[in-house]
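Using the hints, position chain B against chain A.
Chain order of the listed sequences is A and B. Heads up, the first sequence is in our numbering, so the first residue is 1 and it goes up one at a time. Heads up, the second sequence is in our numbering, so the first residue is 537 and it goes up one at a time.
Bear in mind the hints are in silico, worked out from the structure with no lab data behind them. Don't be surprised by glycine CBs; every beta carbon is placed ideally from N, CA and C. Hints are supplied without guarantee of correctness; some may be wrong.
With a straight-line cut-off of 20 Å between C-alpha atoms, the simulated SDA-like cross-links for lysine to any residue are [as the list claims (entries may be wrong)]:
| id | chain 1 | residue 1 | chain 2 | residue 2 |
| --- | --- | --- | --- | --- |
| 1 | A | Lys400 | A | Val390 |
| 2 | A | Lys27 | A | Arg208 |
| 3 | A | Lys477 | B | Arg551 |
| 4 | A | Lys400 | A | Ser484 |
| 5 | A | Lys477 | A | Tyr534 |
| 6 | A | Lys339 | A | Ala216 |
| 7 | B | Lys556 | A | Arg527 |
| 8 | B | Lys556 | A | Val390 |
| 9 | B | Lys556 | A | Ser484 |
| 10 | A | Lys27 | A | Ala533 |
| 11 | A | Lys477 | B | His677 |
| 12 | B | Lys556 | A | Ile482 |
Label-pair restraints from in silico Cβ distances [unchecked claim]:
| id | chain 1 | residue 1 | chain 2 | residue 2 | range |
| --- | --- | --- | --- | --- | --- |
| 13 | B | Gly550 | A | Glu222 | 33 to 43 Å |
| 14 | A | Leu54 | B | Pro753 | 11 to 21 Å |
| 15 | B | Gly550 | A | Phe389 | 36 to 46 Å |
| 16 | B | Arg552 | A | Lys400 | 41 to 51 Å |
| 17 | B | Arg552 | A | Ile254 | 46 to 56 Å |
| 18 | A | Trp304 | B | Pro683 | 43 to 53 Å |
| 19 | B | Ser636 | A | Trp160 | 25 to 35 Å |
| 20 | A | Asn507 | B | Tyr732 | 43 to 53 Å |
| 21 | A | Ile158 | B | Ser567 | 46 to 56 Å |
| 22 | B | Gly719 | A | Gly315 | 33 to 43 Å |
If you want a taste of the chain A side facing chain B, the calculated C-beta under 8 Å gives, among others [as the list claims (entries may be wrong)]:
| id | residue |
| --- | --- |
| 23 | Asp72 |
| 24 | Gly187 |
| 25 | Ile191 |
| 26 | Leu192 |
| 27 | Val195 |
| 28 | Ala271 |
| 29 | Thr480 |
| 30 | Tyr486 |
| 31 | Thr487 |
| 32 | Ala499 |
| 33 | Pro502 |
| 34 | Leu518 |
| 35 | Phe532 |
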Amino acid sequence: MPGKNMIEEIMNRPQPLPRVVPDYMRKRGGLWYWTGAMVMIAFLYEALTGIILLLFYSPASAYKSTTDFVADIPFGSVILTTHLYGAYAMIVLLYVHMLRSLFVGAYKRPREMQWLLGVLLLLLTIGVAYFGYSMVGDALAVNAEDVGKGIASGFPVIGWWLALVFFGSSPEQLYTRFLGWHIILAGAILILFAVHFFLAEYNTIMPRVDSEHGKAPHIDREDPSYKPWYPYNLLYMLQLTFLVIGLIIIIPSIVALIPNVPVLFSPFPQAAPGTAAAASLPPYPPWFLLFIYKELDFSLAAAWGPFWGSVVFLGAPLLYLAALPWLDRGDSLKMVHRKNTVAFGIMGIFYLAWLSLWGAVEPGIPIPTWEWLAFFFAVGLGVYLPTHFVLTRIERGTLKIGSPGRFALSLGMLALTSFGSGFLIMASLATGSATSTISMILLLMSMAISLTVAVAYLRGVLPLQIGQPEGRRLRGKTYTFIGSVYTFAGIAILGVMLAITPNSIYNNSLYGVGLGLLFLIAFGLLRLYRSFAYGE
Amino acid sequence: MSSRDSSEEPEDEGRRTFLKFLGALGVAAVSVGVLRGAVQNIIPRVQGSSSSGYPTLQLVLSSGSPVKTSDLVVNNPKIVLFNYPLLSDPNFLLRLGDSSNRDVAIDPATVKIPETGKTFTSPGGVGPYRSVVASSAICEHLGCKPPQLRFHPPSDSSFPGKLHCDCHGSTYDPYRGFAVVTGPTHKPQPNIVLKYDSSADTYSVVSMVGPTIFGQPSNLSGGTPFPSGAKSTTVTIQEAA
Numbered sequence: 001m002p003g004k005n006m007i008e009e010i011m012n013r014p015q016p017l018p019r020v021v022p023d024y025m026r027k028r029g030g031l032w033y034w035t036g037a038m039v040m041i042a043f044l045y046e047a048l049t050g051i052i053l054l055l056f057y058s059p060a061s062a063y064k065s066t067t068d069f070v071a072d073i074p075f076g077s078v079i080l081t082t083h084l085y086g087a088y089a090m091i092v093l094l095y096v097h098m099l100r101s102l103f104v105g106a107y108k109r110p111r112e113m114q115w116l117l118g119v120l121l122l123l124l125t126i127g128v129a130y131f132g133y134s135m136v137g138d139a140l141a142v143n144a145e146d147v148g149k150g151i152a153s154g155f156p157v158i159g160w161w162l163a164l165v166f167f168g169s170s171p172e173q174l175y176t177r178f179l180g181w182h183i184i185l186a187g188a189i190l191i192l193f194a195v196h197f198f199l200a201e202y203n204t205i206m207p208r209v210d211s212e213h214g215k216a217p218h219i220d221r222e223d224p225s226y227k228p229w230y231p232y233n234l235l236y237m238l239q240l241t242f243l244v245i246g247l248i249i250i251i252p253s254i255v256a257l258i259p260n261v262p263v264l265f266s267p268f269p270q271a272a273p274g275t276a277a278a279a280s281l282p283p284y285p286p287w288f289l290l291f292i293y294k295e296l297d298f299s300l301a302a303a304w305g306p307f308w309g310s311v312v313f314l315g316a317p318l319l320y321l322a323a324l325p326w327l328d329r330g331d332s333l334k335m336v337h338r339k340n341t342v343a344f345g346i347m348g349i350f351y352l353a354w355l356s357l358w359g360a361v362e363p364g365i366p367i368p369t370w371e372w373l374a375f376f377f378a379v380g381l382g383v384y385l386p387t388h389f390v391l392t393r394i395e396r397g398t399l400k401i402g403s404p405g406r407f408a409l410s411l412g413m414l415a416l417t418s419f420g421s422g423f424l425i426m427a428s429l430a431t432g433s434a435t436s437t438i439s440m441i442l443l444l445m446s447m448a449i450s451l452t453v454a455v456a457y458l459r460g461v462l463p464l465q466i467g468q469p470e471g472r473r474l475r476g477k478t479y480t481f482i483g484s485v486y487t488f489a490g491i492a493i494l495g496v497m498l499a500i501t502p503n504s505i506y507n508n509s510l511y512g513v514g515l516g517l518l519f520l521i522a523f524g525l526l527r528l529y530r531s532f533a534y535g536e
Numbered sequence: 537m538s539s540r541d542s543s544e545e546p547e548d549e550g551r552r553t554f555l556k557f558l559g560a561l562g563v564a565a566v567s568v569g570v571l572r573g574a575v576q577n578i579i580p581r582v583q584g585s586s587s588s589g590y591p592t593l594q595l596v597l598s599s600g601s602p603v604k605t606s607d608l609v610v611n612n613p614k615i616v617l618f619n620y621p622l623l624s625d626p627n628f629l630l631r632l633g634d635s636s637n638r639d640v641a642i643d644p645a646t647v648k649i650p651e652t653g654k655t656f657t658s659p660g661g662v663g664p665y666r667s668v669v670a671s672s673a674i675c676e677h678l679g680c681k682p683p684q685l686r687f688h689p690p691s692d693s694s695f696p697g698k699l700h701c702d703c704h705g706s707t708y709d710p711y712r713g714f715a716v717v718t719g720p721t722h723k724p725q726p727n728i729v730l731k732y733d734s735s736a737d738t739y740s741v742v743s744m745v746g747p748t749i750f751g752q753p754s755n756l757s758g759g760t761p762f763p764s765g766a767k768s769t770t771v772t773i774q775e776a777a
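Okay, chain A solo, but in the shape it has when bound (with noise of 0.2 Å):
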């Protein structure tokens, strides 16, 4: 148990490292119990792929250097493309794993400490990946540094000495600054993280939540019948760890091979600052902070300054986010009884992808003070209602979703198409070309099925689930027989890619695919083995 000094008791009584953890934890479903592995996962292929590139990084001609490794270096545009996806990949894990420690309810004691840390390691997570974004030094790069020093300077009274520090005080400085803070950050990470994950083999995991009555503090309680670490979580571990870097891999490989990618999900360096190329490109930062360039956009942060313009819309809510364990102390982990920290997480999750729609849309256009209020009230009321709604009536027992997973990714599935065909209604109004408008025509139609699919969840119309399926198994000569296909197609594979020459993007990208399909099949093979071994 949790001791009152709880660094006494992590020094004094060290824990099992690593823990062994429940069935459930490894089998269908149980990646959601995974989110920050998979954060590390990710964590781990940019710390090497970026080892790779330090060795080819010139802080003096930063953009040079950069083009010429994803132009000239063999396989060099593959490791910078997916050095950025991976970064990409780690900031929307960070993410899940934030929110679903959130829903949950994971961040009640005894896990303040921890979810405290993991605000920070967010935090941090941007940092690192604002500094990276920026170390390119093409024309995005150089917007991105003027909005940073913005914000930076406009710090009271220390803000110009923080410009410099962060910046250096002449352009020759910059990108050596650059460097070295993309370098600091992420070590900074590597250590918290490692604190992060002590005190959640601490703190044990977080159980089921409906395995006892949910109360904090929910712990759990090692049972003799968990299995050991070895082999069967180091096997699980392993096979994670091919599916998170085969898709990093495989994702921007495949994105590189597809011409003219709109310039926020572009893998490539764009054009050099202060060419005619750089004059048509859109004022971007890259997406994970277009909803920060858009709330500097409004009336209020363009009166008060960029600074006071992140406290007020970026700090605010970092802050809630800090202080969530000791805003909501109530002992239960059930959402109907958190209902206010469940419709804050519901509404940061529209907040942030409608204003960065609304950033990719209008980069830079001023908001006038009525329209974003309307904004932040008309979200804020339209979600904060209709949670209650539900919730209350789920309390009161008048409504009753019968699989709640399921339902949650309906929803989820709701979101993401809204989302998506918000944008392309948005695109295809501002360019109307043909491929936009089909994509959200199918976009709209996917929109409709989940809507449907959440609706008869809500209505009980489809089959309520009844209890898991015990690890399906096939039979034995079906497992000799996909195995088989996975490892001959694997080395068909491996001899198609060793063929390829690096000589071109192309070429590379080609390399990049088939290396994400090694990865992907090497995550198939684990798989099936754990299947047929051990029946997970």
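Chain B only, in chain A's frame:
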């Protein structure tokens, strides 16, 4: 695990070993793929002695057509500039002549760098009359640019046939590798190496010799580079005013 039949045990064991083998093969395939990529990637590119990182750019007019010898005026009183090796580095393009505006062949010369005492060999003139030379247009003394630093034709009353900087009075001799004539500068102007294609009558810039361009850590860094894949640099003409 529970559903496994004990009668299937021997067959299952073999199958398990086989699946294990397949899994190991899959992981091995990943390792080979990663290793090949990583190993081939981290080998640094060996720089060819001729290229050494300088881009080769053709000189073109603002219309986009290549510069011909006839586009260049002997002893042009106007300032003819092009950017190289970075987009932010202006350079003089000079067709040198005598006082009666006849082309003068420029021989390679040994140029001394007073600051260090070292020397370098200037590339000499190119073109049909070996009279076309080029140098950085950023003064090595304190970085003044045209029109403060400009070429005075041999017919000029002041500084005839010299590069002179109005800021602090440094003077360079374009006929002898832009060597220092008078201070306060301690360095000659960096020379641009040109290449002339006599069959097409076109000019390209291939590299530089001499000191480093003023204010830059190296000639190839510290400014705005050309977009990757650039093939030409545009010649602009401004009045000496």
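The hints, checked one at a time:
1. Lys400(A) x Val390(A): holds (10 Å)
2. Lys27(A) x Arg208(A): holds (13 Å)
3. Lys477(A) x Arg551(B): holds (9 Å)
4. Lys400(A) x Ser484(A): violated (45 Å)
5. Lys477(A) x Tyr534(A): holds (17 Å)
6. Lys339(A) x Ala216(A): holds (16 Å)
7. Lys556(B) x Arg527(A): Cα-Cα ~11 Å, so holds.
8. Lys556(B) x Val390(A): violated (49 Å)
9. Lys556(B) x Ser484(A): holds (11 Å)
10. Lys27(A) x Ala533(A): Holds, at about 14 Å.
11. Lys477(A) x His677(B): violated (82 Å)
12. Lys556(B) x Ile482(A): holds (13 Å)
13. Gly550(B) x Glu222(A): 33 to 43 Å: Given about 35 Å between the Cβ atoms, the range holds.
14. Leu54(A) x Pro753(B): 11 to 21 Å: Holds - the Cβ-Cβ distance for Leu54(A) and Pro753(B), about 19 Å, lies within 11 to 21 Å.
15. Gly550(B) x Phe389(A): 36 to 46 Å: Violated: the Cβ-Cβ distance is about 59 Å, outside 36 to 46 Å.
16. Arg552(B) x Lys400(A): 41 to 51 Å: Since Arg552(B) and Lys400(A) have Cβ atoms about 44 Å apart, the given range 41 to 51 Å holds.
17. Arg552(B) x Ile254(A): 46 to 56 Å: violated (35 Å)
18. Trp304(A) x Pro683(B): 43 to 53 Å: Holds, at about 44 Å.
19. Ser636(B) x Trp160(A): 25 to 35 Å: violated (60 Å)
20. Asn507(A) x Tyr732(B): 43 to 53 Å: violated (36 Å)
21. Ile158(A) x Ser567(B): 46 to 56 Å: Holds - the Cβ-Cβ distance for Ile158(A) and Ser567(B), about 49 Å, lies within 46 to 56 Å.
22. Gly719(B) x Gly315(A): 33 to 43 Å: violated (56 Å)
23. Asp72: At 6 Å from the nearest chain B Cβ, Asp72(A) passes the 8 Å test, so the hint holds.
24. Gly187: violated (22 Å)
25. Ile191: At about 26 Å, which exceeds the 8 Å cut-off, the nearest Cβ of chain B leaves the hint on Ile191(A) violated.
26. Leu192: violated (28 Å)
27. Val195: At 30 Å from the nearest chain B Cβ, Val195(A) fails the 8 Å test, so the hint is violated.
28. Ala271: holds (6 Å)
29. Thr480: Hint holds; Thr480(A) Cβ to chain B Cβ min 6 Å, cut 8 Å.
30. Tyr486: For Tyr486(A), the interface hint holds, since the closest Cβ of chain B sits about 7 Å away, which is under 8 Å.
31. Thr487: holds (5 Å)
32. Ala499: violated (11 Å)
33. Pro502: holds (6 Å)
34. Leu518: holds (5 Å)
35. Phe532: holds (6 Å)
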